[in-house]
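Asks: Based on the hints, put chain B in the right spot on chain A.
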Amino acid sequence: MLKNYFKIAVRNLLKHKLHTGINLIGLSLGLGVSILIFFFVQFELSFETFHQDLDRMYRVKTHERIDGEMKESYSSPVVLESAFREEFPQIEAITGVTNADVQAILPDQSTQNQRIRLVHPDFLKMLNFPLIKGDISSQLVDKYSVVITEKAAKLYFGSADPIGQSLQLKMGEDFVDYRVSGLLKNPPANNSIPFEILMPIENMDFFADKESLSSWYNVWGFNLVKLNNPEQVASIHQSMEAFMKKSLGEDYEEGGLYFTLTPLADMHFAEGAGNGAVETTQKSLLWILSGIAFLVLLIACINFTTMAIGRATSRAKEVGVRKTMGASFSQLIIQFMMEAFLTTLAASVIGVVLAELFLPTFNDLFQKELDIVYGPTQFGILAGLIVFISGLAGAYPAFFLSGLRPIKVLKGNLSFHFGKQGLRKGLVAFQFFISFLLIATTLIMVNQMNAIQEYDLGFDQEQILIVDMPDYPSQNFVTSLKESFRTAESFRQTLVSRTEIASTALTVATYGDDAFWQVGFPLEDGTMFSFKVNFVSGDYMETLGMELLEGRTINPAVGADSSALIINEAFARAFNWEDPMGEMLPRTDFEPHQIIGVVKDFHHASLYQPIEPVMIAKSPMAVFSGITNLMINSSTNPKLLVRAAGSDINQVRSVIEAEWEKQFAGLPLEISFLDETVEAQYQSDRRLGKMVFIAASLAILIAAMGLFAMVALSIAGRTKEIGIRKVLGASSWSISWLFGKEFIVTTLVGVIVALPLSIYLMQGWLDQFAVKGWPSWISFALLVIGGITFTLALVYAQSLKASLSNPVNTLKDE
Amino acid sequence: MIQLKEIDKYIESRFQRIFILKGINLTIQQGEFLTLMGPSGAGKSTLLNIIGMLDEDYDGEYFFGEKNIRKMKDKERSNLHKSEFGYIFQAYHLIDELTVYENIETPLLYRNVASSERKSIIADLLDRFNMVAKKDLFPAQLSGGQQQLVGIARAVAGRPSLLLADEPTGNLHSTQAKEIMEVFQELHKEGTTIIQATHARENADYGTRLINLLDGKIESDEQL
Numbered sequence: 001m002l003k004n005y006f007k008i009a010v011r012n013l014l015k016h017k018l019h020t021g022i023n024l025i026g027l028s029l030g031l032g033v034s035i036l037i038f039f040f041v042q043f044e045l046s047f048e049t050f051h052q053d054l055d056r057m058y059r060v061k062t063h064e065r066i067d068g069e070m071k072e073s074y075s076s077p078v079v080l081e082s083a084f085r086e087e088f089p090q091i092e093a094i095t096g097v098t099n100a101d102v103q104a105i106l107p108d109q110s111t112q113n114q115r116i117r118l119v120h121p122d123f124l125k126m127l128n129f130p131l132i133k134g135d136i137s138s139q140l141v142d143k144y145s146v147v148i149t150e151k152a153a154k155l156y157f158g159s160a161d162p163i164g165q166s167l168q169l170k171m172g173e174d175f176v177d178y179r180v181s182g183l184l185k186n187p188p189a190n191n192s193i194p195f196e197i198l199m200p201i202e203n204m205d206f207f208a209d210k211e212s213l214s215s216w217y218n219v220w221g222f223n224l225v226k227l228n229n230p231e232q233v234a235s236i237h238q239s240m241e242a243f244m245k246k247s248l249g250e251d252y253e254e255g256g257l258y259f260t261l262t263p264l265a266d267m268h269f270a271e272g273a274g275n276g277a278v279e280t281t282q283k284s285l286l287w288i289l290s291g292i293a294f295l296v297l298l299i300a301c302i303n304f305t306t307m308a309i310g311r312a313t314s315r316a317k318e319v320g321v322r323k324t325m326g327a328s329f330s331q332l333i334i335q336f337m338m339e340a341f342l343t344t345l346a347a348s349v350i351g352v353v354l355a356e357l358f359l360p361t362f363n364d365l366f367q368k369e370l371d372i373v374y375g376p377t378q379f380g381i382l383a384g385l386i387v388f389i390s391g392l393a394g395a396y397p398a399f400f401l402s403g404l405r406p407i408k409v410l411k412g413n414l415s416f417h418f419g420k421q422g423l424r425k426g427l428v429a430f431q432f433f434i435s436f437l438l439i440a441t442t443l444i445m446v447n448q449m450n451a452i453q454e455y456d457l458g459f460d461q462e463q464i465l466i467v468d469m470p471d472y473p474s475q476n477f478v479t480s481l482k483e484s485f486r487t488a489e490s491f492r493q494t495l496v497s498r499t500e501i502a503s504t505a506l507t508v509a510t511y512g513d514d515a516f517w518q519v520g521f522p523l524e525d526g527t528m529f530s531f532k533v534n535f536v537s538g539d540y541m542e543t544l545g546m547e548l549l550e551g552r553t554i555n556p557a558v559g560a561d562s563s564a565l566i567i568n569e570a571f572a573r574a575f576n577w578e579d580p581m582g583e584m585l586p587r588t589d590f591e592p593h594q595i596i597g598v599v600k601d602f603h604h605a606s607l608y609q610p611i612e613p614v615m616i617a618k619s620p621m622a623v624f625s626g627i628t629n630l631m632i633n634s635s636t637n638p639k640l641l642v643r644a645a646g647s648d649i650n651q652v653r654s655v656i657e658a659e660w661e662k663q664f665a666g667l668p669l670e671i672s673f674l675d676e677t678v679e680a681q682y683q684s685d686r687r688l689g690k691m692v693f694i695a696a697s698l699a700i701l702i703a704a705m706g707l708f709a710m711v712a713l714s715i716a717g718r719t720k721e722i723g724i725r726k727v728l729g730a731s732s733w734s735i736s737w738l739f740g741k742e743f744i745v746t747t748l749v750g751v752i753v754a755l756p757l758s759i760y761l762m763q764g765w766l767d768q769f770a771v772k773g774w775p776s777w778i779s780f781a782l783l784v785i786g787g788i789t790f791t792l793a794l795v796y797a798q799s800l801k802a803s804l805s806n807p808v809n810t811l812k813d814e
Numbered sequence: 001m002i003q004l005k006e007i008d009k010y011i012e013s014r015f016q017r018i019f020i021l022k023g024i025n026l027t028i029q030q031g032e033f034l035t036l037m038g039p040s041g042a043g044k045s046t047l048l049n050i051i052g053m054l055d056e057d058y059d060g061e062y063f064f065g066e067k068n069i070r071k072m073k074d075k076e077r078s079n080l081h082k083s084e085f086g087y088i089f090q091a092y093h094l095i096d097e098l099t100v101y102e103n104i105e106t107p108l109l110y111r112n113v114a115s116s117e118r119k120s121i122i123a124d125l126l127d128r129f130n131m132v133a134k135k136d137l138f139p140a141q142l143s144g145g146q147q148q149l150v151g152i153a154r155a156v157a158g159r160p161s162l163l164l165a166d167e168p169t170g171n172l173h174s175t176q177a178k179e180i181m182e183v184f185q186e187l188h189k190e191g192t193t194i195i196q197a198t199h200a201r202e203n204a205d206y207g208t209r210l211i212n213l214l215d216g217k218i219e220s221d222e223q224l
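Residue numbers (my numbering), protein chains in the order written: chain A, 1 to 814; chain B, 1 to 224.
One chain only, chain A, in its complex shape (with noise of 0.2 Å):
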């Protein structure tokens, strides 16, 4: 019987190969897409679960009261580590886990930047990290050891055995010897704290004073925790405040600081987790995508349905004969069923290898190391899939045909008329609906992109290189930041004369990921006057060509300016300064100072946030001296921003090289241009507008040819009246448009509905945008125009056809 059902299936599939075609190549598209996103989302729901004992782990969050306001973080202090192990014996192990970017030497006496993990010993015992080589008690234990992977090892030992080797790495001023204790297996890709060396935590003496590891109000990376079991949790809160007050002692404050234990499990998709410590994954994301891949499939499935069901007047007469000679009605289910699942899977077959194709695109797009593997889970996502495609699809036909009464269909000529025509049109409506709703938003977000790219930022971003200057590393950050410009000054200066550049400055803070300074001080009525901060060069304003409204800008000389400020407009306006060049710093605490210059309130940050009060400081000493708060957004060394003079970049890079060359022979060099760290704030907003893109182009292919599949049909079974009519003396035209007006209210009513909901959908996204940029209402006619003239040209070229053909053919049998 199956086999039965199987060779009447392909037959029937293979017979009708235009519609089986649009099929294929509609689930085809649709199975890639979902096989690709669901095994996205299912390799990123993995992270983490490679760990043992994962419900008994934990992160450690930090709650403290900043101006009155409790702030969340997952940072946390270093002294914690030591503290909970001594104070909670739930607490089974505990690791702090901070990252250091130090210089290594290569084997070829070259250095290059490598990322470090500082942990304690029990980071090894607690999470599933296994080691190839040296015993697990011996890790991490020497402060001077260090245990790296196997990628860490080939590349600075080759094929050599590393255990006992030694790495040099530059611990703060000087190269220290580390010696190899262990070798580690490559942590897996759903790894959310990716690492190469992890180096005991002792270290952090080398980037740290005592006083500032010992502070609780000091932050440096987080603690990961593993309890005896996971429902001591809640007796650790409970004690919380009790182990704060014995910890702070009189710096005690209730509810001022505290630390809770979120799961581990939960880490891969924590918001704000920064600094690239631990890799993450908006889950916001996952789900637009989910929502993508299903919209995609779904018009796929509606393309399936509404074609089987144009096809119901052929399909008829075997019901109808079936039924006599004796089928049951779950038999014929079964066989229409069939059709529908050899289809997806002879869809799936194509799907996957359509994946294949998609995922360096896709990679590319998410900036993510998808690797397509099958293994259980995998089959079980295609299975399953294919299950809910085919019953998608299929089911509606299925049952449709199969409840067809063959007294009906069986009588005389197939003239029977189906009710069912309301329903074809209404998923047709709906596949429009679903790909206008998608171009709708495509729109939008293309046009705030526009909107964004073309805004004037208050400087101009063109024709910048940003060169990034050695660190001075030291325990004072002030030293660290005088010393570190004093020799990024002194090969600024080897720059100036040169004729290829315009204007060299250097600069602390560039304009990615709100990368200025956060710094606050108290103000007389206690609440706290919080601002940004930026430390640079003189030529500053000239090379990023800012407009200064008052005053004068800095003076490029060695050694002057060192107590002149500048500020922004939103500055001088929250304190209400007439005139800002004659004021002081409402607090007696800052340093002799000046305030020489406003500038024009420029965007600072990105375009997401409002511009804030502005601080330009040439010298640390002068803003230091009086601030209470500070939050360093960005990394400390300063940055050279060089202006081309001409239009050739590549000139300009090589005088840059040449001069590096010169003064930081050895030290690694990094060029990035201005325009594309500006840009590059806008990512993952400019990722989600290409993938609507394509999706709505995916969405459009595929319900246009399911389009083209239903005119036909519906020609197909009009042949006869459009022969009547022509002999009637209808005109070509005239006979198209009976057709036209038929698919021309369908897609009116698709865009008429898809409009308001993608502008109020869009208005959630446009909202976290300080500036918008609203599509005009011309681009939305023109997109609904687009789409009737659309619709109107693939029906109009099929019924011109039908039309034109003789009636005499058409009329002369049957």
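By construction, these hints were calculated from the structure, which means they are not laboratory data.
There is no bait here: all hints are sound.
Once the Cα atoms are required to be at most 27 Å apart in a straight line, the calculated BS3-like pairs of lysine-lysine come out as:
#1 A/Lys-317 x B/Lys-82
#2 A/Lys-3 x B/Lys-75
#3 B/Lys-119 x A/Lys-7
#4 B/Lys-73 x A/Lys-408
#5 A/Lys-3 x B/Lys-82
#6 A/Lys-317 x A/Lys-15
#7 B/Lys-5 x A/Lys-408
#8 B/Lys-75 x A/Lys-317
#9 A/Lys-7 x B/Lys-134
#10 A/Lys-408 x B/Lys-75
#11 A/Lys-17 x B/Lys-135
#12 B/Lys-82 x A/Lys-408
#13 A/Lys-15 x B/Lys-134
#14 B/Lys-22 x A/Lys-408
Here the structure is a predicted model, which is why all the values come from computation and not from measurement.
Replies: Frame of chain A; chain B shown alone:
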């Protein structure tokens, strides 16, 4: 074998009932070869459909053997339908996507006949209707007469006790029609009860009983 009592079939229109069949009383014995005749619209096909249990929308009583069809459960009726009835259509109604062999096989599949038995039944039928060489052809590759032969083979494959044929020769020319009627006659001799609806008087001559219908009523009923 079949007993119809006061069968009425009508269409409800806005102001009146239009009767297609009115007050049909009919008894058919096992082994009869009955012909229904009458002009278009007389109710031949409707009566045939009611007897064939394809139409259940009528008033009156219908006994098949001892059983009242209208009081049967769905399952019972479906089983009776499968085991006792075979249908032949004017337009042949073969399944286009299946070969001759597979078309004949289909009713056997629905009756859950074992594979080896199916093979022997179909082989016999192909042999009997001289279609062995054509068993792998599709309906579109056959002439009308040949298609109707396949239709008959398919109808009798399940060994029904009653064969219903609605205008079996309506689409055929006279030579082919004659051939089909001879097959019917042969089946009748073997004991199959046959009821056919037809326009052609000459077809009635192969049967044993002729009923003339006019405007939904039995006008005459004669043994031949």
